[in-house]
Amino acid sequence: MAEKKTKKETAPKKKEATKAAAPAVKAAAPKAPATGKKEARVGVFICHCGTNIAGSIDINEVEAYAKTLPDVAFAANYQYVCSTPGQKIIADAIKDHNLTGTVVAACSPRLHEPTFRTATKEGGLNPFRFEMANIREQGSWVHMHDREGATEKAKDAIRIAVAKAALLEDLIPKSVPVEKAAIVVGAGVAGMQAALDLANAGIKTYLIEKTPSIGGRMSQLDKTFPTLDCSQCILTPKMVDVGRAENIELMTYTEVESVEGYIGNFDVTLRKKARGVLSMAEAEAMGISGGGCNGCGDCEPVCPVIKPNPFEMNMKPRKAIYIYHPQVVPLLYTVDFDSCIKCNLCVDVCGDKKAIDLEMKDELIKVKVGTAILALGYDMFPIEKKDEWGYMKYENVVNSLEFERLICASGPTGGHMVRPSDGQTPKKVAFLLCAGSRDNTGIGKPYCSRFCCMYSLKHAHQIYEKIPGVQSYLFYMDIRSFGKMYEEFYYRIQDEGAKFIRGRVANILEDPVTKNLIINAEDTLLNRPVRLEVDMVVLAAAVQPSSDTDRTRKLFGVSCSLDGWLLEAHPKLNPCGTTTAGVYVAGVCQGPKDIPDTVASAEGAASAASIPIHMGEVELEPYFAQCIEEKCAGCGMCVNLCPYQALALVEKEGRKVMEVTEAKCKGCGTCGGFCPGGAIWMQHFATPQIVAQIDAFLLGGVK
Amino acid sequence: MARTKGYPEALEKKLADTRLYEDESHPEFTKTVEKISMTIPHMCFQCGTCTASCPSAPRSSYRIRKFVRRALLGLEDEALTDPDLWLCTTCYSCTDRCPRDIAPTDVIMAMRNLAFKRDIIPVNFLKTVQAIYTTGHGVPNNDVNRAARKKLGMNADPPTTHAFPQYVKGIQYILDYYELKKNADRIVKEREG
Amino acid sequence: MREYAFFLGCIAPNRYPGAESASYKTAEKLGIKLLDLEGASCCPAPGAFGSIDLDIWYAMAARNLVLAEQMKKDIALICNGCYKSIWEVNHKLKHHPELKERVNEVLKGIDMEFKGTIDVWHLAELFYDPEIVGVQKIRDSVTVSLEGTRIAVHYGCHLMKPKKERHFGTTEHPTWLEEMVAALGAEPVEYRNKMLCCGAGGGVRGYDIVHSLDITNEKMINLMEAKVDALTEVCPFCQLQFDRGQIEIEEKFGVKYGLPVLHYCELLGLAQGMSPQELALDLHGISCEPFLQKVL
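Chains as they are written, first to last, in the working numbering: chain U, 1227 to 1929; chain F, 36 to 228; chain S, 5 to 300.
What the hints contain is simulated information worked out from the structure, not anything from laboratory work.
Treat the hints with care, since some could be wrong.
[As the list claims (entries may be wrong)] Quick partial rundown of chain S residues pointing at chain U, CB under 8 Å, derived from the structure:
| hint | residue |
| --- | --- |
| 1 | His171 |
| 2 | Thr174 |
| 3 | Glu176 |
| 4 | His177 |
| 5 | Arg196 |
[Unchecked claim] Every beta carbon over 10 Å from chain S, so not counted as near; a handful from chain U, in silico:
| hint | residue |
| --- | --- |
| 6 | Pro1608 |
| 7 | Gly1616 |
| 8 | Gly1641 |
| 9 | Val1644 |
| 10 | Asn1753 |
Note that CB positions come from ideal geometry on N, CA and C, so glycine has one too.
Can you build the whole structure from these sequences, using the hints too?
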């Protein structure tokens, strides 16, 4: 951290009531820890949470018990302590009873710690003199049918919390400045939207994309439901905007290599993969005047290497020097070094532009940002794992993204819908919904992939539009058309002639001669097995986090759920935040979303990510380690143990002592637990506080 | 479970109440089926994958999906008295494909076990029991086969309970422990006289 | 030479003794010695006993397992129905202590105790396993190549299904038995709906023979369409259903097929030079002659 603050004047505002018992934040803290037990006056506030807690815990008994505890000067209960009147009870009690600390026995700190800290502050105390006893998530909810046991456990939880509250000190959060820049990882529609929003809000934004072009999955789609706009038509203007936006620094063919730092001050190292091609700007910088790739494409025809194009779901060839499709942004060729034979034909044909450098190496670039947005997107689930449907075994079974390319005018067939085995136009097409979704076998995905119902309806529409006399069959379990104008779209497609068969397909067999497919399902509404021969099957395969998601999320310290989707800070109230301050999620990487929801989530993430930047500084929780300098022997062992490089040895008054860079310290306690001299004081989790909690638990209610 | 209307018999039958009433559901039936089958029919979402996998479905009124539904709803009488219960060939195709990871085949087996407790069972099942009680084999040896075995240079009887009949006692002990032979004899006699 | 307790079941020894005889001989040539499992009984029939009372099925199968435990040998067997009873009960008792306790309570009365000390294998899986025999060794053991014949495979149900409990991988498109057929020089032939059940299981053959045969007949139609010379399987009960079943189909539906049906061990026996007499092929309901003429 370059601008390490050495401000030491952050002394606590001493409260007269507390008689200066608590040590001040830094220098003072270590000298007189854990004083004031005699003077401690703790208030206990027990929440009913309606019947959430009161339904299985005897509140009156718990309150009576709390009053018997040492240091408790006041105890009360209330229906909803988090409500405005509930908070007022806390504030009033602090003043009326001269309290030095507060304990609220209610839900989890994750939910309401900020609320009760504020209430404590309102009462005139330092907000860190508050401790929470979780008697709901870890009490009433898990012991719903054991009133007596839950009541006893609540007493334990309160006793332990009171023991700590009696020893709590004033703490002052530290403010750090926020770098006025953001990074967005992934340039699909979510990442593009987030980057545009940030850029338009005046924030310098690095937009990182691992593939050679921005656009993501949406650029592979033909049309979009329910409006049937052409996907490319509505996306390319955005792509162009991204390419032009002054505040956006677009870096394609680039991956995140490492991340250091914390909210406001992330140091991100990026790997700009060797692309083999110089942009015009890069050429200019290298003194090749008028050179660099202008996207003329002369290199492509001369390249002798042919590879499948992943953008076209491998149904169309590309060369070793390639662009995905004509509308790529940036319009810049890329050399696939895994297949390039370095024959130099492209270099020759490129001539004076000197755009191609077959000796190019990966480059590491460092950027500093205040906040980050992950928009990592999704992949198709490898549906061949559900082998009953024969994907990859039967030629005429395709997945839905392949269908998008097959029906797209810019796709491998020029939009002529044909089936792979013989290039014939299919006259009977079956769509299998929930292919690999809603699957609890351990092979597929247990979740609903959320947009397959709607795109399958759209697919049915598209074949009616393109193939006269075609018949579509949609095998479904439920049609989930929950969005705006979605149910109306369902109505329309049914009216267009799509046949809906309410049954999941058990298996598909292939006619060895015609390559037609024989579908076995049950029409569960008719209560009859169905055997249907069709020309082509489209599997609405489940989606899963993109292959890079796990690696990237770990770099940013973001958790994921069991199925790999990134975990939001709160599923309802903080859907774009994560538990890592300053890191936000956008789009499908947080869970399956259609385009409207993806864009909305991207705008939400951009808004959230811009707040700390516009605030200019952020407060860090003051849970950092402190060195008790007179006890420190300067051995330096803690310095190496620290996982965050937050500690250093410095010369002070002629001897070596440890010093903490507070903004880097995450309060993990590794150093404090290790220090052989007991010279490290973990603020808010100090040894005397924790020992008091353990004693309170083990010694029971003994006074 | 039609509600009686007090009409003449023919009309009572024709106009029988076909609605599903709550009192037809026996939650303990669901639980018992789950215990015996060691599977989870209460998780069924009625997708029909089982019926569509079933070799018996296309040639009969047997719908395994319906039996799983009955298990879920606790419709004990309807499940156990339906003769289709005995058309499952136990091929386990439904079990392999069920997206909810239920083993419908084992649900059927559990229901058959419960049907047997009410003496509902096809006699051919019991005849297998009787054969095993006597010889240890469900498909015992016969003279033609004995001759063929000898021609192959083998003993006329295989080294099973056939060649070592002293082991049949142990089998009889097990079957008697469950009173299976007694019940089989009784039911066969009731059916065939 | 690896040694296994050979669990015979009922139909092989009592209806198709050639399959039994061939098992001993072919296995021996491939390094597997099959030992008599004295006093073994019916597995017991999983359809019949499982339908009546699963507890009795567990106890009866456990008795057979204990016989092999006493021999300290793993069991090898040649019938999918037996596999279902013996393998599955072994597996269940090993993994459900309360079930094991219940079963041992019964076995106590005949001085037996299930301990869970052995494993159960289908001879076909031992043949396929490269660690034990493997396709190459099968190929090397062939003296009379079955070249020029088209052979379809019926896997049966109870060997590989339910796949989650078993260890055979795909039950939709398996090909390992085809590999073993190819090793004999024959051409393995795919046919429609290969994995369809034979129709015999679950007591249906006894309960509703016409229903049962109609399933078999669907398979027969698909097999005839593929123009095969023979059908091979690894389950004498499936064999009975296809072999005797064709006669019953002719009686009841008036359709005649005449497709020879051979257990894989019989087929392997032929390829290793055993004569049709040594395999008692004359006991088959459907004459194997047309097939034999192509081979011998």
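How the hints compare with the structure:
Checking histidine 171 of chain S against chain U: minimum C-beta separation of about 15 Å lies over 8 Å; hint violated. Because the smallest distance between the Cβ of threonine 174 of chain S and any Cβ of chain U comes to about 5 Å, under 8 Å, the interface hint for this residue holds. Hint status for glutamate 176 of chain S: holds, given a least beta-carbon distance of 4 Å to chain U, under 8 Å. For histidine 177 of chain S, the interface hint holds, the least distance from its beta-carbon to any beta-carbon of chain U being 6 Å, beneath 8 Å.
Taking 8 Å as the C-beta contact cut-off toward chain U, the hint placing arginine 196 of chain S at the interface holds, the least distance being around 6 Å. With a closest Cβ-Cβ approach of about 14 Å to chain S, proline 1608 of chain U is found to remain outside the 10 Å limit, as its non-interface label requires. Listed as outside the interface, glycine 1616 of chain U is inconsistent with that label: its C-beta sits roughly 8 Å from the nearest C-beta of chain S, within the 10 Å cut-off. A cut-off of 10 Å between C-beta atoms confirms that glycine 1641 of chain U is not in contact with chain S; the least separation is 33 Å.
In this structure valine 1644 of chain U is separated from chain S by more than 10 Å, as the shortest Cβ-Cβ distance comes to about 25 Å. Non-interface status of asparagine 1753 of chain U relative to chain S is upheld: no Cβ of that chain comes within 10 Å, the nearest being about 19 Å off.
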